[in-house]
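*Asks:* Work out the full structure, taking the sequences as your base and the hints as a guide.
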Amino acid sequence: MRLHSKHITKLMVTAFAVTMFFSCKNNFEEVKKIGVSENEPIGIAENINLKYTDSGRVTANLRSPKMLDFTNREFAFNEFPEGITLYLFDEQNQKSTVISDYAIVYDKTGLVDMQGNVILASATNDTLYADQLYYDQNKEWLFTNQAVTFKTGRDRINGTGFDSDVKFKQAQVLEIDGIITLDE
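For the sequence shown, full-length UniProt numbering gives the first residue as 1, with consecutive numbering after it.
Heads up, a few of these hints could be off.
[Said to hold, decoys possible] In silico lysine to any residue, SDA-like type, Cα no more than 25 Å apart, as pairs:
| # | residue 1 | residue 2 |
| --- | --- | --- |
| 1 | 167 | 157 |
| 2 | 51 | 165 |
| 3 | 139 | 53 |
| 4 | 51 | 104 |
| 5 | 167 | 177 |
| 6 | 51 | 90 |
| 7 | 108 | 138 |
| 8 | 139 | 123 |
| 9 | 51 | 101 |
| 10 | 167 | 54 |
| 11 | 139 | 101 |
| 12 | 139 | 54 |
| 13 | 51 | 125 |
| 14 | 169 | 94 |
| 15 | 108 | 85 |
Simulated from the structure, these hints should not be mistaken for lab results.
*Replies:* Printed below as a string of structure tokens:
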């Protein structure tokens, strides 16, 4: 009887240990999120001045009065609720400038969504005015499907949609509503 009781005790301890082992899981990620709502930013930066480099050369400079960091989300992004000024530099260090009232930068896609009074002034004095403009950082491509005004040389082109490389060498207004040529 005593042997039988030791055997039952050993069996119960083993069953308990196995149950505890399999019921435990690695929830470190969930522990890190305690106290942080997914709807709230995990960081707020003010008066930022970010510089992007490629092979030691500055290719872009992003400035903003405020940045909200939402990298705690599954589809991480940074929000600029007070707008941005973005300087893009080509290989000859010529500067194009983009200004908008609001912007979001998506980490996974490298896409920048600029909204509200977007103005892009190129190094060659071409200027684009739009309510919304996307910048694909990976392809260095600008595009929108919203209404635009594109000033190039003496022409002002009004239309809907715009596609271009950052140098405006392949710039085109997609659906042209009208072209106005200004006298010099």
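*Asks:* Under the constraints set out in the numbered hints, which ones does this structure not fulfil?
*Replies:* none
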